[in-house]
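One line per chain: the protein sequences are L and D, in this order.
All letters in the first sequence, in the order written, are residues 1021 to 1693 by the working numbering.
All letters in the second sequence, in the order written, are residues 1021 to 1693 by the working numbering.
Hints should not be assumed to be uniformly reliable.
Since the list can't tell identical chains apart, any single copy or any two copies may satisfy a pair.
[To be verified] Straight-line C-alpha distance at most 35 Å; calculated DSBU-like pairs for lysine-lysine:
id, residue 1, residue 2
1, K1119, K1196
2, K1610, K1487
3, K1369, K1405
4, K1610, K1667
5, K1647, K1610
6, K1369, K1336
7, K1610, K1589
8, K1647, K1589
9, K1350, K1541
10, K1304, K1226
11, K1304, K1119
12, K1387, K1196
13, K1339, K1365
14, K1405, K1225
No lab work stands behind these hints: they were computed from the structure.
Protein chains: 2
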Amino acid sequence: MRILIPTGLILVFSFSGVAQSQLSLMPIPASVQIGGGQLAITQSFSVGVRGASDPVLDSEIQRFQGQLSRQTGIPFRPQPSAAPTLQIHADHGRESVQKQGEDESYELTVSDSAAQLNAPTQLGILHGLQTFLQLVQITPNGFAVPAVTVWDQPRFPWRGLLIDVSRHFIPIDVLKRNVDGLAAVKMNVLHWHLSDDQGFRVESKKFPRLQEMGSDGMYYTQGEIRDFIAYAHQRGVRIVPEFDMPGHSRSWVIGYPELASGTGPYTLESGDPIMDPTREATYKFLDKFIGEMAKLFPDAYFHIGGDEVDGKEWDKNPKIQEFIHAHGMKSNQDLQAYFNQRLQKILAKNHKIMVGWDEILHPDLPKTIVVQSWRGQASLAAAAKQGYSGLLSFGYYLDLMWPAARHYAVDPMADAAATLTPEEKSRILGGESCQWAEWVTPENIDSHIWPRNAVIAERLWSPPELKDAASMYTRLNAVSLDLEWLGLTDRSARQQMLYRMAGTTEVSALRVLADVVEPVKDYNRWDESRGPIDFHAPLNRLIDAAYPESDTARQFAGLVQSFLQSGGKDPAAEAQIRTWLTTWRDNDAKLHPLLEQSSLLEEDAPISQNLAMLGGAGLQALEYLDKGQPEPDLWKTEQLAVIAQAKKPVAGLLLQVTAPVEQLVQATVSQSK
Amino acid sequence: MRILIPTGLILVFSFSGVAQSQLSLMPIPASVQIGGGQLAITQSFSVGVRGASDPVLDSEIQRFQGQLSRQTGIPFRPQPSAAPTLQIHADHGRESVQKQGEDESYELTVSDSAAQLNAPTQLGILHGLQTFLQLVQITPNGFAVPAVTVWDQPRFPWRGLLIDVSRHFIPIDVLKRNVDGLAAVKMNVLHWHLSDDQGFRVESKKFPRLQEMGSDGMYYTQGEIRDFIAYAHQRGVRIVPEFDMPGHSRSWVIGYPELASGTGPYTLESGDPIMDPTREATYKFLDKFIGEMAKLFPDAYFHIGGDEVDGKEWDKNPKIQEFIHAHGMKSNQDLQAYFNQRLQKILAKNHKIMVGWDEILHPDLPKTIVVQSWRGQASLAAAAKQGYSGLLSFGYYLDLMWPAARHYAVDPMADAAATLTPEEKSRILGGESCQWAEWVTPENIDSHIWPRNAVIAERLWSPPELKDAASMYTRLNAVSLDLEWLGLTDRSARQQMLYRMAGTTEVSALRVLADVVEPVKDYNRWDESRGPIDFHAPLNRLIDAAYPESDTARQFAGLVQSFLQSGGKDPAAEAQIRTWLTTWRDNDAKLHPLLEQSSLLEEDAPISQNLAMLGGAGLQALEYLDKGQPEPDLWKTEQLAVIAQAKKPVAGLLLQVTAPVEQLVQATVSQSK
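Chain L extracted, bound-state conformation (with noise of 0.2 Å):
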């Protein structure tokens, strides 16, 4: 077996009438030639593999025929004498563990007849299966996948996902279905970050107190942990723990005060302790505890967290002042990196590698440990140049709401890293997006992951060359129907959710109002000045079922500069525009009884009114830049002033065709003029 090394992307489609817009593949593989004609998938496909016989990779197998009968509906019946239609070697099995950095390449080649997959490592056959399943369409002759030759393998070695499981717990169930996305995209770790100021979530034999007192009574059992970490092993995903330390470290002092370096009181709704660094008593505490944990989780990598050490109990324990200057250390920073290279040293002695944020960076540690950047790619090229690995976060939290191009748009490698030498380029391996877990729930949190997060998959896997975001959204929209096969609720949650507030399933003016809305932006709902979030609150209300990218105020955006920039002279842009704004001005009327009869709706009156009148004001914008008349300069002031209402968060939503119909009342021409 050839090792591919792409050279950039290559994507030929000059050999075939198949329209690029019709591979809608995520990641874009490195390399993808079009051939002629197509393979038709039918009762009798079957797969064959050449070589020894492998029970992992005859499971592996199995799954995939369960999803391509799920995502077609046929219910496959191979003929036992038949040439199989797609032919799998791999000339290596699984290694029990999986490593970071593993051969991940595979070669898939598709003719009208047959098709085959070859790849150094079973890893790559996974990843080779799922290009398969995003290759099927439904075609006026039936299922079939397109002839072709894809060689592929990914840019970065690692691409992850952190689940934060402490600001609310997510059910093993749920992060399941989420390893299987995670597979569907190509990434290979998940990042569990098991522990922080809200709860311990895993079962610790030896200190049981941890989870008992630190969590609500809902963590994982270790039988539980290690079912997941093998399920997520058969879909080609690592799970790296994180426990976080010496900050966030409320849930561990509840049950074991000892190890705060303030006197509490704690509870898990209150007090700030940072573990005391001074003690012998707490290496020997994490030693244990490491030691239990290292066996629990067979990953390489140990994430120790590391992030936002909030100072204030070393500054107010005179112990810990005089242990400070004692060792000739300069400040609450050369504290954190003794207690880091302590618990480095417990780490290689239970054979792992040390992963933590930015601020566990320093000269006194080891240049084996990892770095995760939630400051950026400066952070990161200077780890780098300092011989560090690095991973970016930065530009990847999907809990900030952002729309997929923006995190589309961030690259590990631009930026500060840009100028790196090839060496320390290598250093960089690759990225995570993380879901924080303030505002989601295990019914919303799928929504809140994809279908953006595969474009982070992408970002990672896929040639640095790729930028364009209309042909991103156009193979998103169709990741996210494949993502449905798999069980992940992105898009049906939502449809309950609005069932739920409405009290009935005739929503269709809610939805109307939903599909134009998205949560506050970055953490402008968690201002700390509105003081501690209950992290027992329903998350039952419209702001918690909205999308965090609205596709329609995307598309409506779209179809307002499409017309604008011919000058108001294309017709059927501008029958679509005055169809969603007469929608939209007819909305409220059927909207507001429901909103009255639900506690839940009725904080969304003045938006649902905010929309009415954009649509009202947008059509009678249309109207003047039809008959290219001057409109009266009152009602330009007053539709602006709408406007900028309109522009205000209601109930923790925006509006987001606002900004589409101002382009169009800016666009009609003043009297004054």
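Based on the hints, put chain D in the right spot on chain L.
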């Protein structure tokens, strides 16, 4: 605890402003009295149990709380010291095996400050908790239950659903969510049709070739069956197994050809074997087999099928004819009765009561047996007169694709049964809806069973005076919403199937068509003249996704009726009619490109065109009606031709808005009059 004896239907709504329609209960309780105010469901909601602690009850309450939490989106955090919001008391715990005829009554009292649920048995508590869940509604002041007093008990003790798992295998997880559905509408029997010609679905350890050769490899292990029975028991649902004999037995004889009366050859696809009742070896086999199954299935009832015995193999076998003659029998029917007597003795030895279809009724059988009637109330009444107990399934066949109202109108005590004496009437135990599985898969079975099954549940539970279809449909819509929270896919599966057919998530035009079609009725899809069904064919076409009943068509027909009854003077109805007709007229142009690019959809092109023509015809009819002006005769003739065309099934689908459009066209005044 007093026994509650309802004296017919008591619905008292005079004490409050809450309208009847806001009580979305299905089945409607024996007696409901509405009080003043409402009980708020807040985060501090809690449940308390009076009397001895009971782990079974505790786990039931936990499930109830989980369900309430899903429904409301509220994570409950009861105050340990506060009085419980809902206080529960049962006089008696659960029997380890649920008995037919156990007391299922309960009393639920809700005031504006607390609720009480009392019942003689925990079965009653289960039902009362489901009533409570249905009463929870969103209000301007949050989630709440109206103050209400409910006394309730079922009209019939046996309220079941038959699921055929032979024609298409249905996995346990799908059955489990359907059991949750049964519990939600207070049905208490799942009749599991486990063997038929096309598949033997139970693992027999004594006769392993039954499942190994008599199925396509898909069957339930005994461990899965035990787990499923326990699951159903927790939800108050008995599992009654059916092994169909001596006919419908192709799957038995593949592995054990000695059971057959003929010589075959038999495959799962062909042959019509009947068991040989004349050989002692047959009874030895059945004795061993029934002994094994009687232990596996704890219910007191055991269904032996007995339907549709095609006597051809008996006629052709000289030994069997000799046996009939030697024993003084007059017909194959007598031979079947002999077989059933032998079977009944084996069952009695295993402490099982025999249940079978109409055909088992024969004076030689003891009065303990139960006859399930697919033939109708006359057959049921005849059995009751002879002293036999009976169940009605005639009129409750869900696979016939009837509208809910048609099932709702069928009453076990109607027609011939109405003339029975009280003692004879008491022998009619209830009924069972039937989901035969020629045309269902795990994907669409929920939408074939639900929500229509809920109206059969109401017929079997609630007072017989309830007959109002309008109220039924309103409440059915609410139940449909509750079913969503149980994970049933009766409303969500179609969406994904539309995505698959279209190859995109942009399916709004396809949904417009899907909303107005229904599959052909009765067994018109299963036309014997077309030859045997391929039970392995994909079921992924529009006919497989379409709901058995179109809500849109029903609502449209209602609008047209109102409009015409008003003499064309109902502008609100007219506006809605016009909106629908316009949507339909314009839909084909949008949908056509999609239909062309999918092999699964191209067969639907003519029906989409028919819909467009109906839209146009209806709009033109409205014009003539509005103007009061006579239409040209030619126009009417043409339209009626179009309508006649649109009435014909296309791709197995009926266009259900044809009749109301015809009414509009017919209402126009002819020139020649």
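Hints not upheld, ascending by number:
Numbers 9 and 14, in rising order.
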